[in-house]
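Q: Here is how the chains run, residue by residue.
There are 2 protein chains.
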Amino acid sequence: MIGVKVVIVGGVAGGMSAATRLRRLDEQAQIVVLEKGPYVSFANCGLPYYISGEIGNRDDLIVESPAELQARFNLDVRPEHTVTKIDPVTQTVSGTTSGGRSFTESYDKLILAPGAKPLVPDIHGLADAANAFVLRSIPDLDRIMLTLHQVQPKQALIIGAGFIGLEVAENLRRRGLAVTIVEQTPHVLPPLDEEMAAFVQQELQAHNVRVITGQSVTTLQDDGHTAQLSDGTTLSTDLTILSVGVRPNTDVAGAAGIKLGLRGGIVVDDHYQTSQPNIYAVGDAIVVTQQITGQPALIPLASPANRQGRQVADVIAGLPQRNRGSIGTAIVRVFDLAAASTGLSERAARQAGLDVAVIHVLGKNHAAYYPEATPINLKLIFNPHTGEIYGAQGVGVDGVDKRIDVLATAIKGHLTVADLPELELTYAPPFGSAKDPVNMLGYAALNITEGLSTHIQWYQLPDALKNGAILLDVRDPDEIAEGHFPHSVNIPLNDLRDRLNELDPKQTYIVSCRSGQRAYIAERILRQHGFQVKNLDGAYQLYQAVRPNDLVYPK
Amino acid sequence: MIGVKVVIVGGVAGGMSAATRLRRLDEQAQIVVLEKGPYVSFANCGLPYYISGEIGNRDDLIVESPAELQARFNLDVRPEHTVTKIDPVTQTVSGTTSGGRSFTESYDKLILAPGAKPLVPDIHGLADAANAFVLRSIPDLDRIMLTLHQVQPKQALIIGAGFIGLEVAENLRRRGLAVTIVEQTPHVLPPLDEEMAAFVQQELQAHNVRVITGQSVTTLQDDGHTAQLSDGTTLSTDLTILSVGVRPNTDVAGAAGIKLGLRGGIVVDDHYQTSQPNIYAVGDAIVVTQQITGQPALIPLASPANRQGRQVADVIAGLPQRNRGSIGTAIVRVFDLAAASTGLSERAARQAGLDVAVIHVLGKNHAAYYPEATPINLKLIFNPHTGEIYGAQGVGVDGVDKRIDVLATAIKGHLTVADLPELELTYAPPFGSAKDPVNMLGYAALNITEGLSTHIQWYQLPDALKNGAILLDVRDPDEIAEGHFPHSVNIPLNDLRDRLNELDPKQTYIVSCRSGQRAYIAERILRQHGFQVKNLDGAYQLYQAVRPNDLVYPK
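For the record, the sequence lines run as chains A and B.
Going by the UniProt record's numbering, 264 is the number at position 264 of the first sequence; the sequence numbering is gapless.
Going by the UniProt record's numbering, 38 is the number at position 38 of the second sequence; the sequence numbering is gapless.
Everything labelled a hint here was simulated from the structure, so no lab data went into it.
For clarity, every value in this text was computed on a predicted model and none was experimentally measured.
Each residue gets a CB set at the ideal place from its N, CA and C atoms; glycine is no exception.
Hints should not be assumed to be uniformly reliable.
Stated by the list, open to error - Partial list, derived from the structure: chain A residues whose beta carbon lies under 10 Å from chain B:
| no. | residue |
| --- | --- |
| 1 | V32 |
| 2 | A43 |
| 3 | C45 |
| 4 | A130 |
| 5 | V134 |
| 6 | Q205 |
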């Protein structure tokens, strides 16, 4: 008995998840996987770590071989097979092997998992720059490693400060290269908001990575050894990595009449079916529904790709299954820090026209009284009226992944800010706190929604001060001495009740401390005594990271 | 203007959270905190770590002093004040200071946060054992430290292998003492299920802690230096720690006519109100609703206590707030392992008469190809028909806290097993995997609920083998050589399709591998070829940890 013939184009995350799940569901199916590259099922996300030797064995990046996949899953896996044409009428795909041989393969069902391909920025002279590379595959990595060994470059230029750009920057730095990052947008890690990214930029600079934001590379000259920026300055580079993002790899799909949508992504229904019968698509190449906005989105991440691959196998095998959309969760290690986000950024939420409030909380990875407690900066983006959670971001040394995972779970579960204090999270001194930072986010958000606290954001501070508000710093004098706002009134919190007569009930006060905890207490004292008061969200430690450069102080 | 007078009995987690929140809500309130011990707001959960010096500074255990609380929160905090009587009619509390002075204090509102007190086991001769201690407060700790310094004990006996017992055992071991733990129930960490606790017991033994389960200490003699167990054996001990659990500290409340419930816990309504007007109660002393069963429960943990304290302040200040119940989440570090649980154990779920299925998944803390990946054993307890999640447990070196926190959040959010694969968790090689172990729990549970896999649990194995089922181990020969079931058939997974003719379609096969992943693939192959097959949940690595000692093999 011969079963259904399923051809899968692309053998990494989505494609290989589909192939193996389908086999577990259907021993009879004929499953053919066509992969353009020399490797299937490789550890895409591990590539940057091989540059520094942190992952020391290249074989570790290759999770499974075609022979192993044949033996275990009875899969017909064909690397070096590039599909160049899909014919939905005859139900065939055709293409060329890297050896130059043509092939044609018929299918009953076709799963497209072609992934994304690196965006190539419009840089004059890039084609002649033999020292410029992307990093998306093992052959890409091999080319970079060859250059590192043969040329022994001293200086590297990273174009694009997204997740992969920062990983490559760190790993090149660990090899001892001088590294410069050029990012076109105003700050590193564009998926994060500016003030959270500021902590990451500080960390990069603390490790002697030069960071240039708001600039693009316009020209590469001297065989790629000199880069010119949009402001005219030039940089020397021995090795250049392009990491400005990806776009769906869908030219072949589009040419076959398969409907494409947002930025060329393949349009699929809830069952991963494309506009053409018997053709499905998953992974980085498809348009998904952003669950929070309900809008179409491209979310090129490994986790959704793997899930989608498994789910499309269910669909083809006749199990009830549908794509419920994605929220997008990501993390990156940057030297001693981790930076992570889930859901919408403040910027994305505002762009989507949502009713947005944000709070910042400075927590600790575990009990403050237990050794090696380290700070975590958390940000929550939510609806101040319904409490709906739109997104969260975190930056810290340890435990950021945990908090963002909890918040990602809360978003998926449609929990509101009122549910966050209710979360009972693991607490013993080495692991957490009786009031976890996630609980604290909930408390702080409720203080906003219940009207107990009125926040002002760091970017609103310049205008507020211009309009005459007075900044009241309630830290202790020894803290003030270590760093302070250019102009502020200082009354330590513990003295505040006794010194209320020093304040003017006709003024508006903006209270701040180091992290925000004491400022909130001060706000409550002042408000109950009839003062007009706002709380500087994130307080001094956030301000000193982002330092709004247009801060104007009252004369 | 003088505000409401609120007296709070108990100044640690729940009581102090209530006091500080109330102050933030009400500057006018008169807030008096009566604490029987010498310290308020101390780090209860940190005490064991001071024994080994891991927390080196005793002051770090005392989070806030009465003077600081006065200055910052205008609280009237009175340590060494033991309340011995509550009079709901005159609205007064009275008692004695540790200096012997009597006091009486009137209240408008009374918040009882008396906590729990250690259960003292019924041991003959305990009263004469000057070397036997409990560990619940800083004075308890001081007594233990004094003995450690003065007597320089060589051998310690821990009675009770719950969370605190294990923490004390580890910290005494780190000081170099020979440590024996005696636990009355059949396994250590009674809140966990037996097979998960088995990993913890292995870890204790690997660090030369002697573990005796299923025995109680009946007698202490020779001034406490000889312990006799229920089976008649004797143990020498220089230092004995009693950690057999706690019970609500509610004698005074009960004497005042306040209604007590489950095991003497104070009965409160959703607003923390007791049966007496103007008297509220929070923390370890109250009966809460176990959210999953809806049944009354005692959950003496810091996280709910802090939340309840804050919420009762809201109630008294007139903010809408109610107690939504608890699920119970806990974690303990045991040498290099962490062991954690949330919600119901399998045992508790079965005792509650719930429809229960369980699965075990062996995952990794982060990407397997990234250095220092370590295993995590996870267990999920759920309803096989509705997918409702009842509880979860985890044991591993790293990342257990994160997975249990995600699952605790899922339970609070009423997510089902079908939602777990949908969770988009942070993934970069140092932090996680594209398919996180939590996602894998969801996939494995769905395979059960969808009928794709039929599990057999480790404790069902003896009967199944007795009834003639054949154990089929699909590991490779080199793995088998390292350790194996006493009797099993071995066909490596990759050979299975070619060797189906060696199997008897009339038999029932129980498939196993190391972790369960290959066994599931084997199960799917066999099932589709018409064999009767069950999957040994948790596979060999779970079996070798728990080794059912009544395992009977077919002749």
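Q: Indicate, hint by hint, whether the structure satisfies it.
A: Structure-based check of each hint:
Interface hint status for A:V32: violated, as the beta-carbon distance to the closest one in chain B is roughly 18 Å, over 10 Å. Given hint, A:A43 at the interface with chain B, holds; its Cβ is 5 Å from that chain's nearest Cβ, closer than 10 Å. At about 6 Å, the closest approach between the beta carbon of A:C45 and any beta carbon in chain B falls short of 10 Å, and the interface hint on this residue holds. This hint is violated: A:A130 has a C-beta 29 Å from the nearest C-beta of chain B, more than the 10 Å allowed.
With 10 Å as the threshold, the beta carbon of A:V134 stays out of range of chain B, its nearest partner Cβ sitting at about 19 Å, so the hint is violated. Look at A:Q205: its Cβ only gets to about 21 Å from chain B, farther than 10 Å, so that hint breaks.
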